[in-house]
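Student: If you read the protein sequences in the order shown, they are chains A and B.
Residue numbering for the first sequence is 1 to 768, as defined by UniProt numbering.
Residue numbering for the second sequence is 1 to 309, as defined by UniProt numbering.
Keep in mind that a hint or two might mislead.
Below are the DSSO-like pairs computed for lysine-lysine, each with C-alpha atoms no more than 30 Å apart in a straight line [stated by the list, open to error]: (1) A:Lys484 x B:Lys68; (2) A:Lys250 x A:Lys265; (3) A:Lys243 x B:Lys86; (4) B:Lys148 x A:Lys680; (5) A:Lys680 x B:Lys100; (6) A:Lys603 x A:Lys654; (7) B:Lys86 x A:Lys265; (8) B:Lys146 x B:Lys289; (9) A:Lys333 x B:Lys100; (10) A:Lys680 x A:Lys655; (11) A:Lys460 x B:Lys113; (12) A:Lys716 x B:Lys112; (13) B:Lys122 x B:Lys86; (14) B:Lys208 x B:Lys100.
Calculated from the structure, these hints are not laboratory results.
The model shown is predicted, which means the values in this text are computed figures rather than measured ones.
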Amino acid sequence: MAERRKDFDADADADYDNSNRSAKRVKMDSNGYSNATKNPYLAHWDDESTKSAPANSSDVLYDFERHATTAKQAAVAEDGPINPFTGKTLSSNYMKILRKRRDLPVHKQRDEFLSLYQKSQILVFVGETGSGKTTQIPQFVCYDDLPHQNGKIVACTQPRRVAAMSVAQRVAEEMDVELGEHVGYSIRFEDKTGPDTMLKYMTDGMLLREAMHDNNLTRYSTIILDEAHERTLATDILMALLKGVVQRRKDLKLIIMSATLDATKFQSYFHSAPLLAVPGRTHTVEIFYTPSPERDYVEAALRTVLQIHSTEGEGDILLFLTGEEEIEDACRKIDMEAQDQLQDGLAGPLKVYPLYGTLPPAQQQKIFSAAPPPLKPGGRPGRKCIVSTNIAETSLTIDGIVYVVDPGFSKQKVYNPRIRVESLLVSPISKASAQQRAGRAGRTRPGKCFRLYTEDAFKKELIEQTYPEILRSNLGSTVLELKKLGVEDLVHFDLMDPPAPETLMRALEELNFLACLDDEGDLTHLGRMAAEFPLDPALAVMLIASPEFYCSNEMLSLTALLSVPQVFVRPANNRQRADEMKGLFAHSDGDHLTLLNVYHAFKQPTAQENPKQWCHDHFLSYRALQQADNVRLQLKRIMERTEIELMSTPFEDKKYYENIRRALVAGFFMQVAMRSGTGKNYLTIKDDQTVLLHPSTVLGQDSEWVVYNEFVLTNKQYIRTVTAVKPEWLLDIAPGYYDLDTFKKGDIKSTLQRVLNKMNRNAAGKKK
Amino acid sequence: MAADDEEEDYMAMVFEDAPKQETSLQRRARTEREIQSRAHPKSKAELEQEAEAAREAGLSTAIDTSSKGFKMMAKFGFKDGDTLGKSKDARREPIRVQVKDDRSGIGLESQKKRKFRERMEKAAQEAKRTKVEEGDYRDRVRQEYKDKQDEREFRNAQKTAERLQEQQLEQAAADGKGRVKGLADIPLKQINVLWRGLVRHRREKERKQEEARVRQNRLASRLPMLGDDEEDADDKMALGRDTTVTVIDDDLDDDDPDLEAFEELPIAERLQKIVLHLQETQYYCYWCKQQYPDAAMEGCPGITEEEHD
Numbered sequence: 001m002a003e004r005r006k007d008f009d010a011d012a013d014a015d016y017d018n019s020n021r022s023a024k025r026v027k028m029d030s031n032g033y034s035n036a037t038k039n040p041y042l043a044h045w046d047d048e049s050t051k052s053a054p055a056n057s058s059d060v061l062y063d064f065e066r067h068a069t070t071a072k073q074a075a076v077a078e079d080g081p082i083n084p085f086t087g088k089t090l091s092s093n094y095m096k097i098l099r100k101r102r103d104l105p106v107h108k109q110r111d112e113f114l115s116l117y118q119k120s121q122i123l124v125f126v127g128e129t130g131s132g133k134t135t136q137i138p139q140f141v142c143y144d145d146l147p148h149q150n151g152k153i154v155a156c157t158q159p160r161r162v163a164a165m166s167v168a169q170r171v172a173e174e175m176d177v178e179l180g181e182h183v184g185y186s187i188r189f190e191d192k193t194g195p196d197t198m199l200k201y202m203t204d205g206m207l208l209r210e211a212m213h214d215n216n217l218t219r220y221s222t223i224i225l226d227e228a229h230e231r232t233l234a235t236d237i238l239m240a241l242l243k244g245v246v247q248r249r250k251d252l253k254l255i256i257m258s259a260t261l262d263a264t265k266f267q268s269y270f271h272s273a274p275l276l277a278v279p280g281r282t283h284t285v286e287i288f289y290t291p292s293p294e295r296d297y298v299e300a301a302l303r304t305v306l307q308i309h310s311t312e313g314e315g316d317i318l319l320f321l322t323g324e325e326e327i328e329d330a331c332r333k334i335d336m337e338a339q340d341q342l343q344d345g346l347a348g349p350l351k352v353y354p355l356y357g358t359l360p361p362a363q364q365q366k367i368f369s370a371a372p373p374p375l376k377p378g379g380r381p382g383r384k385c386i387v388s389t390n391i392a393e394t395s396l397t398i399d400g401i402v403y404v405v406d407p408g409f410s411k412q413k414v415y416n417p418r419i420r421v422e423s424l425l426v427s428p429i430s431k432a433s434a435q436q437r438a439g440r441a442g443r444t445r446p447g448k449c450f451r452l453y454t455e456d457a458f459k460k461e462l463i464e465q466t467y468p469e470i471l472r473s474n475l476g477s478t479v480l481e482l483k484k485l486g487v488e489d490l491v492h493f494d495l496m497d498p499p500a501p502e503t504l505m506r507a508l509e510e511l512n513f514l515a516c517l518d519d520e521g522d523l524t525h526l527g528r529m530a531a532e533f534p535l536d537p538a539l540a541v542m543l544i545a546s547p548e549f550y551c552s553n554e555m556l557s558l559t560a561l562l563s564v565p566q567v568f569v570r571p572a573n574n575r576q577r578a579d580e581m582k583g584l585f586a587h588s589d590g591d592h593l594t595l596l597n598v599y600h601a602f603k604q605p606t607a608q609e610n611p612k613q614w615c616h617d618h619f620l621s622y623r624a625l626q627q628a629d630n631v632r633l634q635l636k637r638i639m640e641r642t643e644i645e646l647m648s649t650p651f652e653d654k655k656y657y658e659n660i661r662r663a664l665v666a667g668f669f670m671q672v673a674m675r676s677g678t679g680k681n682y683l684t685i686k687d688d689q690t691v692l693l694h695p696s697t698v699l700g701q702d703s704e705w706v707v708y709n710e711f712v713l714t715n716k717q718y719i720r721t722v723t724a725v726k727p728e729w730l731l732d733i734a735p736g737y738y739d740l741d742t743f744k745k746g747d748i749k750s751t752l753q754r755v756l757n758k759m760n761r762n763a764a765g766k767k768k
Numbered sequence: 001m002a003a004d005d006e007e008e009d010y011m012a013m014v015f016e017d018a019p020k021q022e023t024s025l026q027r028r029a030r031t032e033r034e035i036q037s038r039a040h041p042k043s044k045a046e047l048e049q050e051a052e053a054a055r056e057a058g059l060s061t062a063i064d065t066s067s068k069g070f071k072m073m074a075k076f077g078f079k080d081g082d083t084l085g086k087s088k089d090a091r092r093e094p095i096r097v098q099v100k101d102d103r104s105g106i107g108l109e110s111q112k113k114r115k116f117r118e119r120m121e122k123a124a125q126e127a128k129r130t131k132v133e134e135g136d137y138r139d140r141v142r143q144e145y146k147d148k149q150d151e152r153e154f155r156n157a158q159k160t161a162e163r164l165q166e167q168q169l170e171q172a173a174a175d176g177k178g179r180v181k182g183l184a185d186i187p188l189k190q191i192n193v194l195w196r197g198l199v200r201h202r203r204e205k206e207r208k209q210e211e212a213r214v215r216q217n218r219l220a221s222r223l224p225m226l227g228d229d230e231e232d233a234d235d236k237m238a239l240g241r242d243t244t245v246t247v248i249d250d251d252l253d254d255d256d257p258d259l260e261a262f263e264e265l266p267i268a269e270r271l272q273k274i275v276l277h278l279q280e281t282q283y284y285c286y287w288c289k290q291q292y293p294d295a296a297m298e299g300c301p302g303i304t305e306e307e308h309d
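Pulled out of the complex, with its shape left as it was, chain A reads as follows:
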């Protein structure tokens, strides 16, 4: 066993050492290097700068007085020819980009921005899409805050990982520096920053995790919360925390950036901080409503698209629908009808592209391809039509859209603490959302937005703002994080939109059952450890408990697999084959074990020879598995740091899988269902909800009891990612939760009672 464990670790350890070593090397090198460039007396050490410029021209920023600079000064410094931050000569690419940057709307108000920024500790900045705020404002701050001179960092948060990465890449290019050096990014499970980093783009969740270890965020001199209007859970928590931090740290500056004019809410929340608004570069959008409500919004949407195509002038169409199936179906129908229109000479060619989150990136890229040309020169214009979920509402910008069709629905995720279900349901959008959608038509030139509802319905039926994420989420990990942050009184924690009390009640109760909080609501030792992991509390507890079940290596893999997107690929045109391939990995005891089988097969030398091809052949997502590998490594480091032993039961041991299933129970004993009757129906414990096994479930024999990873309400109530367990384990491993006095009368209680009696009898028998 010891042998095996060693083998298992060997690869990862090598990796770990390598990266450590290289990190150290970078540190040494760049320290020496940057000191030389910053120190005018050592400038001759740097060959390049001595050759190309006078010795002290890298000190352009020397006459800059922190928090007293002007746009003019900055412009001179930006003009070069020496990069004031690296001391290197600025490239021609830099100059080219600089001209474009100076055309951006925010640039005109640089002085205005600087004076407000210098005067006030907190600033609310409103810049509509296309104003350039995300890339430019942090650079404006850098030239005035001069973080590199004080060893501080300017942070700019983003709600999405992809945005943090791509914006950092772009800004590094704009500042003519290497990504990961002066400009870097930090997202969960990936940190691309170095000792020289002075501007850091990061996800809001990452900044929150940093605050756990450094409650005053002392590394930062300015924090910019970008896209605050999106109101993600982490941004909301950060706002509440920072509200306190700015009181304690008068040297910290805070900028809240929002894309909507409803920023007054932010203003009043932050003690009426000053507000600066920069107009975006958008055109007018004409809005049309339907005269009466629609009987079938999908059908109405198709009709509208085809009508636009045959009657309106040039320009692409963006249609908002709610989900993959609906979108694929609509694409097929539009395509068919458009072919007919084309043949009858009623319209030009039309290309239809779907767009939704689970679409592979290569397919997603297609939406950026150019619209088809007219059949013959001077003929009816060709155009493309993109049918998208609301990811095209904020996260993705597609130029060339002139017509927007908005049926007014989107799928929204809402957690309900009463029956602990995550619902993913089609719901009406908010007014703010509708405005955002309409705005998409005016990116390149004046456009039109067709709303498939009446003006009256818009005014009376749509809520003002989309519910912020904090009102729609399970607060388990948030509560754990806040406790770790030292926030004792969660009842009076000053959130912008406090959630319903029951949501907090449920989170506290669940953390108590997980033994992360004691009965007083204080963090336990286990809770403190669990908070170290960027995971759901149940997953973290499962991982921490896994050495007791001799399977921490396996649980580590499993946790990683549960933290990444779906690993199984099931293309619409090849479902049967995909299912056959999945069958190769199937474990009759359930999905968790099936996932492990996939991972173990993926790590076999035969698969690793050409992992991409192997994944393709087996209908698995290479990206997801690679990501899981990365997550596993990161989690492993945390386990090593917190001294959680890594071990495995020998594979030959007949308890190998049983141990894993028991370890699952240690974290997920609150997510258990019992079969009711003989069908595919299960009943969730304590909440008594009738649920179905999700169709993707692999479960060989009919099992009376299962643990599940998720309980979701879509068109039906499903439990997803399910594994068979034994009721004895539940009573044994989580006696507190399975105190039968707390169960309602019914089948579940009586069945458990029988099991308990039998266990007691056996125990008594053994004693004798």
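Position chain B relative to chain A; hints supplied.
Tutor: Coordinates of chain B only, in the frame set by chain A:
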């Protein structure tokens, strides 16, 4: 000391509560119940209905103040009915979960409701007016005549409504959307109150007949010459002595306040309601005696009888 320990102190012996074992009777009851449920698996539709009911019940029940979470919050001065945070307009209840199971556009539902409400109000007004008018004798006679006529029309409309529902069920079964399910399988309480009276009346009659038949069978089986043990089920069936007693619809004995309330309404109003219902849900005009393809009901002159003269 050590020696003392080893000696069993039987005086302090505690009799643990005997584990609550299932008695043989309980076990038999349970197995029977299980066999029953296996023999009569619930239909998909029934299960869905149950799941929905359980969900609605769960969603509308607030977490109890006996929860540990509540106690932890109470430590910081939280009381039942309070909100979190410092802002005044904080949420009290979790966001409502609303399942949308059709593709109706925004505003359609409320438009339907509004129209229905308006018509109901109109119907109520009309009914009131007719009531006030019953003054002198001639009017009363006329009213009585009209009531009788309405009564007839009402019964006819009830039958129509039931027939249309039956057609719909058959259609659904043919589409594979549900188990083939006769109207007789629907519990009384789930039948629309508008024609529940009709069904109740019929079922009561059937029950009486059934009871009579059962009595007859019992009597017959007591006669020795006919009590042939060799008879199998087929024989019994053939002889009309089916011993399986049809399960009697229990809810026939229940009180039905909804139905009572409805039947207290004046007949004109009841008629109005069922006619409206037919139009709203089936696009069926009672006065044209015709079903239309959509809600526009093109060709139908209106919703009152007069408009059809």
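Student: Now, for every hint given, state plainly whether the structure supports it.
Tutor: Status of the hints after comparison with the structure:
{"no.": "1", "hint": "A:Lys484 x B:Lys68", "verdict": "20 Å, holds"}
{"no.": "2", "hint": "A:Lys250 x A:Lys265", "verdict": "23 Å, holds"}
{"no.": "3", "hint": "A:Lys243 x B:Lys86", "verdict": "13 Å, holds"}
{"no.": "4", "hint": "B:Lys148 x A:Lys680", "verdict": "53 Å, violated"}
{"no.": "5", "hint": "A:Lys680 x B:Lys100", "verdict": "24 Å, holds"}
{"no.": "6", "hint": "A:Lys603 x A:Lys654", "verdict": "22 Å, holds"}
{"no.": "7", "hint": "B:Lys86 x A:Lys265", "verdict": "14 Å, holds"}
{"no.": "8", "hint": "B:Lys146 x B:Lys289", "verdict": "20 Å, holds"}
{"no.": "9", "hint": "A:Lys333 x B:Lys100", "verdict": "23 Å, holds"}
{"no.": "10", "hint": "A:Lys680 x A:Lys655", "verdict": "28 Å, holds"}
{"no.": "11", "hint": "A:Lys460 x B:Lys113", "verdict": "15 Å, holds"}
{"no.": "12", "hint": "A:Lys716 x B:Lys112", "verdict": "26 Å, holds"}
{"no.": "13", "hint": "B:Lys122 x B:Lys86", "verdict": "48 Å, violated"}
{"no.": "14", "hint": "B:Lys208 x B:Lys100", "verdict": "43 Å, violated"}
Against the hints set out earlier in the document, violations occur for numbers 4, 13 and 14.
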